[in-house]
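Trainee: Here is how the chains run, residue by residue.
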Amino acid sequence: MTGPSSGAGAVTRRPSRLPSPLFVLRKCGAALLMLAFVVVVNFFLFRVLPGDPAKVFAPRGRNADPEALRELRERLGLNDHWTVAFGKYVKSVLSGDLGVSFSQHAKVTDVIMDRLWPTVLLSGTALVIAAVLGVWLGARAGWRRGSRFDKLSSNAAVTFYSMPEWLLGLVLLVFLNRYGIFPTRGMNDPRSTLPAWLDVLWHMVLPVTVLAVVYVAEYSLIMRSSILDERRADYLTTARAKGLRDDLVMRRHAMPNALLPSMTLFFLSMGFVVAGAITVETVFSWPGLGRLTYDALRGPDIPLLQGLFLVFSAGVIIMNLVADLLMPVLDPRVRAA
Amino acid sequence: MNGEQRDPQAGTVDGPGAARVPRPRTAGGTGLLQIRDLRVSYRDRGVPLPAVRGVDLTLAAGETLGLAGESGCGKSTLAGALLRLLPGNAEVSGEILLNGSDVLKMSWGRLRAVRWNEASIVFQGAMHALNPVRSIGRQIAEAIVLHAPKSSAATARKQVGELLEQVGVPAWRAESYPHELSGGQKQRVMIAMALACSPQLIIADEPTTALDVMVQAQVLTLLKQLVQERGVGLILISHDLSVLASTCDRVAVMYAGRIVEQGPGHRLFADAAHPYAQALAAAFPVIGDMASRRAPRGLPGDPPDPRELGGGCAFAPRCPVAVAECVEYDIRLRTVDTERSAACVHVGVPA
Ligand SMILES: Nc1ncnc2c1ncn2[C@@H]1O[C@H](COP(=O)(O)OP(=O)(O)OP(=O)(O)O)[C@@H](O)[C@H]1O
Ligand code: SF4
Ligand SMILES: [Mg+2]
Chain U
110 MTGPSSGAGA
120 VTRRPSRLPS
130 PLFVLRKCGA
140 ALLMLAFVVV
150 VNFFLFRVLP
160 GDPAKVFAPR
170 GRNADPEALR
180 ELRERLGLND
190 HWTVAFGKYV
200 KSVLSGDLGV
210 SFSQHAKVTD
220 VIMDRLWPTV
230 LLSGTALVIA
240 AVLGVWLGAR
250 AGWRRGSRFD
260 KLSSNAAVTF
270 YSMPEWLLGL
280 VLLVFLNRYG
290 IFPTRGMNDP
300 RSTLPAWLDV
310 LWHMVLPVTV
320 LAVVYVAEYS
330 LIMRSSILDE
340 RRADYLTTAR
350 AKGLRDDLVM
360 RRHAMPNALL
370 PSMTLFFLSM
380 GFVVAGAITV
390 ETVFSWPGLG
400 RLTYDALRGP
410 DIPLLQGLFL
420 VFSAGVIIMN
430 LVADLLMPVL
440 DPRVRAA
Chain Z
1138 MNGEQRDPQA
1148 GTVDGPGAAR
1158 VPRPRTAGGT
1168 GLLQIRDLRV
1178 SYRDRGVPLP
1188 AVRGVDLTLA
1198 AGETLGLAGE
1208 SGCGKSTLAG
1218 ALLRLLPGNA
1228 EVSGEILLNG
1238 SDVLKMSWGR
1248 LRAVRWNEAS
1258 IVFQGAMHAL
1268 NPVRSIGRQI
1278 AEAIVLHAPK
1288 SSAATARKQV
1298 GELLEQVGVP
1308 AWRAESYPHE
1318 LSGGQKQRVM
1328 IAMALACSPQ
1338 LIIADEPTTA
1348 LDVMVQAQVL
1358 TLLKQLVQER
1368 GVGLILISHD
1378 LSVLASTCDR
1388 VAVMYAGRIV
1398 EQGPGHRLFA
1408 DAAHPYAQAL
1418 AAAFPVIGDM
1428 ASRRAPRGLP
1438 GDPPDPRELG
1448 GGCAFAPRCP
1458 VAVAECVEYD
1468 IRLRTVDTER
1478 SAACVHVGVP
1488 A
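Protein chains in written order, with the numbering used here: chain U, 110 to 446; chain Z, 1138 to 1488.
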């Protein structure tokens, strides 16, 4: 539509690299709506669950005397009509109050905040390592399809991808426990002589390895197939024709184009980072949200579960929003769409 | 001095009247490009598909050579072979002398240095030839910096701006991405990119197809002008004879992987010697007429399947003046007159 002659004075039409304010507003609005929906679902879902929460919460559990139980129900608001209860719930959620944990007898927000950091540390680290390594491995394998490297890494990826992570964790645990190089329980050791951060790092090695191996497999498989899709693209012939070395053709031209699916996966998994890795945290006694969920489920600790559910959903929704807002900045083709 | 001795298709003999390919018209071997007996065969699920079957061509600096022919006759394959850009399933043989050294025998390092620096290509379908996630300025600058590593980022950027202006694209477009440009602009960007390292040879593979008539004419004028100003050798590929006749010093017509006629553009139009070239010229396709791409008007039948080519003239099944000899011998180029040659039994023999 634009003739070359019309371009001279058109400097102001320089295309923007940033998404439009309307786009940002729309995405944020959608995210808020989704959060509200989650709050509603969260309330009713736990309302219809079987079992008497008061019995769980009472100091002597199921054997508490009926009078005390009735009083407790009153205090917990379990006797309220659901409309009243819902109003109270929404109000408290909005004021950042998620109630009191049955089992831990502490504010749910405090309990969750305590465990949030270890989980983000563990899963986040594993995810970043896995994404970088997986993308590199997958790109190399796909670029040289059928090579020894490809066969080896693809077979390994499929194996690890289909293996349950607890199995991998147990294997590592049993195997390495015998040599006792890396700690297999918890996040730190009070008797350790190491500086605190190094001690945590030391404790992270095994669980991060298990998580990363599983994630790496996922990224390398996705990246491999994206590179295979790009391999015959015309712009790569152009890059070669310019005299670029083969590895530069891959790194500078094929990879940026093939990265979109992996980036999407990355942001999606970032959303699930807060949910932690229940199995790995349990196997390695990692004091994170995954482990907390496992314990809360055993109770069941309804307010805590409710709080966890809310935090997990919020994590996914927020990371989705970040992805939606960041993708157009990272990839011009998304900008076009 | 050429021809049958090198022909690996043993058993086929040139027909009566003997083949003689005219030597380059240029003075004493200063040819920029000399192609000798170029053959390209694709392995297609085990079956060989001969796409180029023995092509000899020469091009002098500052000369413009047109390459015409129906879809599938091997034009793009020939172009890709010149810089060894064909996919892995292509087997290439023959000689491609670029400034005297054989492209097919070069080391990878030498080849990379030659690519874009001595010869560049404007690819068929510029729509996809540009990387969608890199700004066009960066893509052009990449070639400049690669072949002149000492040039600073600032000079490269300045050069990119100049190149874009030269092809009629505003310099600020350097920051645009391919999807932000129109088809004509992308084509111009490809041409600017091809000029980036001031190569002596530019191969333009259908640089105007898929563009509307106005833009087509603009791009062609631009190419012609650049060739005149810079004195580069240009190989212009098109299915459209009228485009070539008006732009090129010399035109070669390809059919089924071979050159069937070669000569000055205007003469080809006025009195083509080869029946296929005659049909092409008679069709006189209008610029931008997509239908004329597939089958020239007045020429019945389809081009042959390269996998099923036997001996004899490949054009015989469609040829209105075919005779028995046509299928008996492998017909190679024969001299028509001082500036033309054609591969047909009716040429070069007394009537
Ligand atoms: N990568 C490939 N593998 C197998 N066969 C191929 C490949 N590329 C091209 N061919 C075949 O080689 C022959 C010549 O193709 P080529 O692209 O060189 O034709 P062309 O003259 O450029 O046609 P067009 O005018 O459509 O661009 C065709 O029969 C085509 O099917
Ligand atoms: S050689 Fe025979 S078949 Fe071929 S173009 Fe000439 S007359 Fe026609
Ligand atoms: Mg082609």
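Hints in this document: simulated from the structure, not taken from any laboratory. Careful, some of the hints might be misleading.
To be verified - Which residues of chain U face chain Z? A few of them, derived with a C-beta cut under 10 Å, are: (1) Asp338; (2) Tyr344; (3) Leu345; (4) Gly352; (5) Leu353; (6) Asn366; (7) Asn429; (8) Leu430.
Stated by the list, open to error - Not close to chain Z: a few residues of chain U, all C-beta gaps over 10 Å, as computed: (9) Val133; (10) Val150; (11) Arg156; (12) Leu203; (13) Asp219; (14) Val229; (15) Ile238; (16) Tyr288; (17) Arg294; (18) Val309; (19) Trp311; (20) Ala342; (21) Thr347; (22) Asp356; (23) His362; (24) Pro365.
As the list claims (entries may be wrong) - Ranges between beta-carbon positions, derived for each pair: (25) U/Phe381 <-> Z/Ala1290: 53 to 61 Å; (26) U/Gly295 <-> Z/Met1264: 55 to 63 Å; (27) Z/Arg1444 <-> U/Leu435: 43 to 51 Å; (28) Z/Met1264 <-> U/Pro409: 56 to 64 Å; (29) U/Arg253 <-> Z/Arg1444: 54 to 62 Å; (30) Z/Leu1248 <-> U/Leu307: 48 to 56 Å; (31) U/Arg341 <-> Z/Val1350: 53 to 61 Å.
Keep in mind the model is a prediction, meaning the values are calculated, not measured. Even glycine gets a Cβ: it sits at the ideal position worked out from N, Cα and C.
Trainee: Determine for every hint whether it applies to the structure shown.
Mentor: Now the hints, each set against the structure:
| no. | hint | verdict |
| --- | --- | --- |
| 1 | Asp338 | violated, 13 Å |
| 2 | Tyr344 | holds, 4 Å |
| 3 | Leu345 | holds, 8 Å |
| 4 | Gly352 | holds, 4 Å |
| 5 | Leu353 | holds, 7 Å |
| 6 | Asn366 | holds, 6 Å |
| 7 | Asn429 | violated, 22 Å |
| 8 | Leu430 | violated, 23 Å |
| 9 | Val133 | holds, 21 Å |
| 10 | Val150 | holds, 39 Å |
| 11 | Arg156 | holds, 49 Å |
| 12 | Leu203 | holds, 42 Å |
| 13 | Asp219 | holds, 45 Å |
| 14 | Val229 | holds, 30 Å |
| 15 | Ile238 | holds, 25 Å |
| 16 | Tyr288 | holds, 46 Å |
| 17 | Arg294 | holds, 46 Å |
| 18 | Val309 | holds, 38 Å |
| 19 | Trp311 | holds, 40 Å |
| 20 | Ala342 | violated, 7 Å |
| 21 | Thr347 | violated, 5 Å |
| 22 | Asp356 | holds, 12 Å |
| 23 | His362 | violated, 5 Å |
| 24 | Pro365 | violated, 5 Å |
| 25 | U/Phe381 <-> Z/Ala1290: 53 to 61 Å | violated, 41 Å |
| 26 | U/Gly295 <-> Z/Met1264: 55 to 63 Å | holds, 58 Å |
| 27 | Z/Arg1444 <-> U/Leu435: 43 to 51 Å | holds, 50 Å |
| 28 | Z/Met1264 <-> U/Pro409: 56 to 64 Å | holds, 59 Å |
| 29 | U/Arg253 <-> Z/Arg1444: 54 to 62 Å | violated, 29 Å |
| 30 | Z/Leu1248 <-> U/Leu307: 48 to 56 Å | holds, 51 Å |
| 31 | U/Arg341 <-> Z/Val1350: 53 to 61 Å | violated, 31 Å |
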